[in-house]
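Build the full structure now, drawing on both the sequences and the hints.
These are the residues of each chain, in order.
There are 2 protein chains.
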Amino acid sequence: MFHSSDDLRSNKISDYVKYLKLDTQIVLESGFKFDDCVIAYETYGQLNAEKNNAILICHAISGDSHVSKHDDTDADGWWDIMVGSGLYIDTNKYFVISSNILGGCMGTTGPNHINEKTGDYWGSDFPEISVSDMVLVQSKLIEYLEIDKLLCVIGGSLGAYQSIEWGVRFPDKLHSVISLAGGPRLTSQGIAFDIIGRNAIRRDPYFNDGQYYKQSEGPYTGLALARMLGHITYLSEESMSEKFDHDRYDPKDVDTDFEKEFSVGSYLAYQGDKFVERFDPNSYITLSNAMDKFDLGKNSSEISVNLTGKNLKWFLMSFTSDWLFPSSLSEELTRALIIAKEEVSYIEIPSNCGHDAFLLDDDIKYYGNYVNNFIENIANDVNVTKNQEYHPDRKISERQDYNIILEFLDNSKRIIDLGCGDGDLLYEIKKIGNANKILGIDNNLESLLNASKKGIPVLGLDLNNDLHLINDNQFDVAILSLTLQSIIEVETVLLEICRISSKVILSFPNFAYEPLRKMLYEEGRAPKHPGVLKYEWYNSPNKRYMSILDFEEFCKIKNFNIINSKFLNTLQNKFVSENYNFNADLGIFMISKDN
Amino acid sequence: MFHSSDDLRSNKISDYVKYLKLDTQIVLESGFKFDDCVIAYETYGQLNAEKNNAILICHAISGDSHVSKHDDTDADGWWDIMVGSGLYIDTNKYFVISSNILGGCMGTTGPNHINEKTGDYWGSDFPEISVSDMVLVQSKLIEYLEIDKLLCVIGGSLGAYQSIEWGVRFPDKLHSVISLAGGPRLTSQGIAFDIIGRNAIRRDPYFNDGQYYKQSEGPYTGLALARMLGHITYLSEESMSEKFDHDRYDPKDVDTDFEKEFSVGSYLAYQGDKFVERFDPNSYITLSNAMDKFDLGKNSSEISVNLTGKNLKWFLMSFTSDWLFPSSLSEELTRALIIAKEEVSYIEIPSNCGHDAFLLDDDIKYYGNYVNNFIENIANDVNVTKNQEYHPDRKISERQDYNIILEFLDNSKRIIDLGCGDGDLLYEIKKIGNANKILGIDNNLESLLNASKKGIPVLGLDLNNDLHLINDNQFDVAILSLTLQSIIEVETVLLEICRISSKVILSFPNFAYEPLRKMLYEEGRAPKHPGVLKYEWYNSPNKRYMSILDFEEFCKIKNFNIINSKFLNTLQNKFVSENYNFNADLGIFMISKDN
Chain A
0 MFHSSDDLRS NKISDYVKYL KLDTQIVLES GFKFDDCVIA YETYGQLNAE
50 KNNAILICHA ISGDSHVSKH DDTDADGWWD IMVGSGLYID TNKYFVISSN
100 ILGGCMGTTG PNHINEKTGD YWGSDFPEIS VSDMVLVQSK LIEYLEIDKL
150 LCVIGGSLGA YQSIEWGVRF PDKLHSVISL AGGPRLTSQG IAFDIIGRNA
200 IRRDPYFNDG QYYKQSEGPY TGLALARMLG HITYLSEESM SEKFDHDRYD
250 PKDVDTDFEK EFSVGSYLAY QGDKFVERFD PNSYITLSNA MDKFDLGKNS
300 SEISVNLTGK NLKWFLMSFT SDWLFPSSLS EELTRALIIA KEEVSYIEIP
350 SNCGHDAFLL DDDIKYYGNY VNNFIENIAN DVNVTKNQEY HPDRKISERQ
400 DYNIILEFLD NSKRIIDLGC GDGDLLYEIK KIGNANKILG IDNNLESLLN
450 ASKKGIPVLG LDLNNDLHLI NDNQFDVAIL SLTLQSIIEV ETVLLEICRI
500 SSKVILSFPN FAYEPLRKML YEEGRAPKHP GVLKYEWYNS PNKRYMSILD
550 FEEFCKIKNF NIINSKFLNT LQNKFVSENY NFNADLGIFM ISKDN
Chain B
0 MFHSSDDLRS NKISDYVKYL KLDTQIVLES GFKFDDCVIA YETYGQLNAE
50 KNNAILICHA ISGDSHVSKH DDTDADGWWD IMVGSGLYID TNKYFVISSN
100 ILGGCMGTTG PNHINEKTGD YWGSDFPEIS VSDMVLVQSK LIEYLEIDKL
150 LCVIGGSLGA YQSIEWGVRF PDKLHSVISL AGGPRLTSQG IAFDIIGRNA
200 IRRDPYFNDG QYYKQSEGPY TGLALARMLG HITYLSEESM SEKFDHDRYD
250 PKDVDTDFEK EFSVGSYLAY QGDKFVERFD PNSYITLSNA MDKFDLGKNS
300 SEISVNLTGK NLKWFLMSFT SDWLFPSSLS EELTRALIIA KEEVSYIEIP
350 SNCGHDAFLL DDDIKYYGNY VNNFIENIAN DVNVTKNQEY HPDRKISERQ
400 DYNIILEFLD NSKRIIDLGC GDGDLLYEIK KIGNANKILG IDNNLESLLN
450 ASKKGIPVLG LDLNNDLHLI NDNQFDVAIL SLTLQSIIEV ETVLLEICRI
500 SSKVILSFPN FAYEPLRKML YEEGRAPKHP GVLKYEWYNS PNKRYMSILD
550 FEEFCKIKNF NIINSKFLNT LQNKFVSENY NFNADLGIFM ISKDN
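Chains as they are written, first to last, in numbering that gives the first Met the number 0: chain A, 0 to 594; chain B, 0 to 594.
Calculated directly from the structure, the hints in this document are not laboratory data. Among the clues, some could well be false.
It does not matter which identical chain is meant; a pair holds if it fits inside one copy or across any two.
Each computed BS3-like pair below joins lysine-lysine, with the alpha-carbon atoms no more than 25 Å apart [what the hints assert, rightly or not]:
no., residue 1, residue 2
1, Lys557, Lys533
2, Lys297, Lys139
3, Lys297, Lys242
4, Lys148, Lys273
5, Lys542, Lys517
6, Lys20, Lys116
7, Lys251, Lys292
Written as structure tokens, this is what we have:
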């Protein structure tokens, strides 16, 4: 049942696995020194002459170097849907590297290897390792491959920890980080599950203090229990219901000593038994312990200290139904990265698939395309590929408020667009080239995909509730174009915007524009008007109806300073200065708030 | 370490535990027959002469008969905060009964008892039991106590299952059911956790097929693992973070063989070790299995078949952070009870405490008071106590639309008030006495507490999103008073209301009332008006601004029939018929929708 590393090598996961025996000593965070470290790894695609097209993929706790099948006869990889010719991580363009992690049991040095000093299995003499130690070993592989700087390091779950740790420890050796279903640390609940898994292994009577390799039996019941438990945390309540609720008393006839009275029971038993055939209990303890101890800080300000001055581009993604790495963790990391002044994008992807979502094709149209857009733009920046010039679908001039907003912006350096949509305005601002920091916020993931394609950093947030993720005074100007009328908590949101930005430019429809006044007065009907006020009273996305005068009065009462204002009649395509609360259908203001 | 039932009796949970040996045979659902069933139980308070003040409390998986301490020298009970003199379940008024469940290990017949036929411990010969079997045994105790009809059966978790099963199996023997953190069945995720717990016990090498009572060691590691796991599911992610995040690497120095490297680790180890001292592994398997198999049906229509014709009053409560019995389960049961035409109240209580919330005092101001209001009203109905006559704080006549609504109601029998607030209007309708079915819906829990005190059945729902819980054609009239202007999806919500009710009476402010027209026309300002339109444009709870004419036009376009309408000038306190879209500030309509 058990596989020593030799067994694993004979029972190869793929013919394409290569082994590198390091000739340098590896010094762990704990001070422990490895003299005889072996790394099992695979590569895909070709390293270009400039050696600037390399992407490192980091695997999760039960993964390995075999990220994707190399050819038709090769075994399936764990991320075949993501990595390959013409796929989201395109092996025709990029040189992809993936290695088994330190402490694992798929070829890289781990507890089931022979300790050359003693001639016996490492077993529980294998030192406690950290995510940082895993990354150190990976960096030796990258050095061996003579790559100075990786285009990107990407991973999910424990792989996300590694990609983040790459940014923390070796910021000069990479351009960018992608974290899927990751965070700055586990929740206490997540750690608690891991502890039960480790207890199940360690208290298995066959554990023998980790020296079970020469026994006929090992702590396999314990490992299977740990795996069953892990498996529940990788799925979501919804996905388990979908899988099992339709016939919950119809278990599969699996050959197992575990309970199989319920459908979900035979499934868990099968998962547990199968895992034991390919995984080493000591590795499980070692890796889950490293996972539980990964901790960048208690809160975003502590975390930010570890992320300051890295000058990397970050893309974080979480999944709504992931309760092992809930979105709150990625949000905390996002907040920390903003404090650290790093360029960060963050998207929460709607998914029923739980933590495993990043391995499944259900939601890959989002996370795959975001990964692709991000990598393509990084590659473009470092000249691996030249993307085609972007041509906006909709002419910037069609939005009459945009030109005034651009005029108000003047030479502002740090600009956030709240409700950025497809990112047209920010792309225009980027082309003009005055700004050195731009960020788009929207809650429409399709729109944000378009914005990310244009190389705009984006946060998939709801501006009514999520601005707390951005710390104070991060921007010179915030833009709120044709959005104010849909905000319910007007004052609260404007105060939040003024907290993160020195100035705010806003455009909104004037509810006191002459034809609107007349419609209510003469017809006794809720006013409508071409443009943002074109909707019926019962189906309008607008919830606030104010005039230019109302807004000026609001600014006066609530102590917002009006720095600049212009008024438009968009139907006549002209500026209005006379009696603007009567003649203009659009107001554009630049305001600020004294602290 | 292990306690046989004799040990348990000597190591008594309380001197007040009484034992009843049944002289009748108990026939289980499975056909198995018990000849020698013992019930351990406790009682509190006095049974009155009419024997109509008895309340049965059912305990959760690890509970027992000791629900509350009987006096100062008695041991703490598991629900001391709920049950006692002057408390939410007042033992001065009510006769409270609580018994250990069949299959348990706290005195009632279970696997650790001697099977009188063999003279040996039952062990794994103990039959598989169901929640229905537990309830059957409880019914024998109630018969013995000469109580024909219980005022209420109440419980949380597995206790909720028992209280629900009482309603299903013995509807003539009780007036009402209260379910806290319950549902019609577990989720597949919940079952999965239980399976791992049972596997940990059964695969413990000391389990010995359940016959471990004469061994020096039993499957205590397995039981401890099961308990640790259970414990995580009883807490919430938030409550674990609150407990452990502030110092996650500072474990308590507990004496344990389990891992204790993390704070949460020493806590789990302690909980696991402590549980083993008081609980029997076979009981755990027996009870968790019964819990997993409780299943009233796959969906609300299947479930409703089991609940039809019971003629009981039901009160269900769930807790927002409870992920073992998520609110969706109580909602499904609520929907089924409505289909079954039972009188049901349902409240989702905001809580950070997870499944354990119903045992903790954090949220008792809600769930305790709801329990109290419900029981007091049932008691009033069956004349245990006579509540004081209710005097509304606010005169019904102060709401000028109410009298017209009452007039429109005419002799309607089934009435739902959407946005019922404190229940004043429904209480008035109840007093008038024409209706035989009333229900109030609101999302304000404080208001609903007031409504429940008046004996109004209430659902704590958001009428924008939750009306799907109510099946078609349940009501003759739905009331929507001064609420339409705050609804965003006007058409969708009105169609939903017309699905559940034949007619709808709605009152709303007229945005085309003369002074409002003038304000926009003459001043160029967003109109305001005393009453529901008194707010500023930026802080109004209103999101829709329509005139009476707009609404009439809407009904025409969308094919709603206007059955009746009246128009008020509330400032002048008079009806308006002439030019009402100009002169009235309030419109009241009765509409219907042809199918």
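Check Lys297 against Lys139 for me: Cα-Cα at most 25 Å, and say if that holds within a copy, between copies, both or neither.
Neither. Shortest intra-copy (30 Å) and inter-copy (55 Å) distances fail the 25 Å Cα cut-off.
Using 25 Å as the alpha carbon limit, work out where Lys557 and Lys533 are close: within a copy, between copies, both or neither.
Between copies only: 19 Å across chains, 30 Å inside a chain, cut-off 25 Å.
Between Lys148 and Lys273, at a C-alpha cutoff of 25 Å, which is it: within one copy, between copies, both, or neither?
neither (39 Å within a copy, 54 Å between copies)
For Lys542 and Lys517, with the copy left unspecified, which applies at a CA distance of at most 25 Å: within, between, both, or neither?
Intra 20 Å, inter 21 Å, cutoff 25 Å: intra and inter.
Between the shortest in-copy and the shortest cross-copy C-alpha distance, which are at most 25 Å for Lys297 and Lys242: within, between, both, or neither?
So Lys297 and Lys242 pass the 25 Å test across copies only (14 Å; inside, 36 Å).
How would you classify Lys20 and Lys116 at a CA-CA limit of 25 Å: within, between, both, or neither?
Within. Shortest intra-copy distance 16 Å satisfies the 25 Å Cα cut-off; inter-copy 69 Å does not.
When no copy is named, should Lys251 and Lys292 be tagged within, between, both, or neither for a Cα gap of at most 25 Å?
between (37 Å within a copy, 18 Å between copies)
Of the hints listed earlier, those the structure fails to meet are numbers 2, 4, in rising order.
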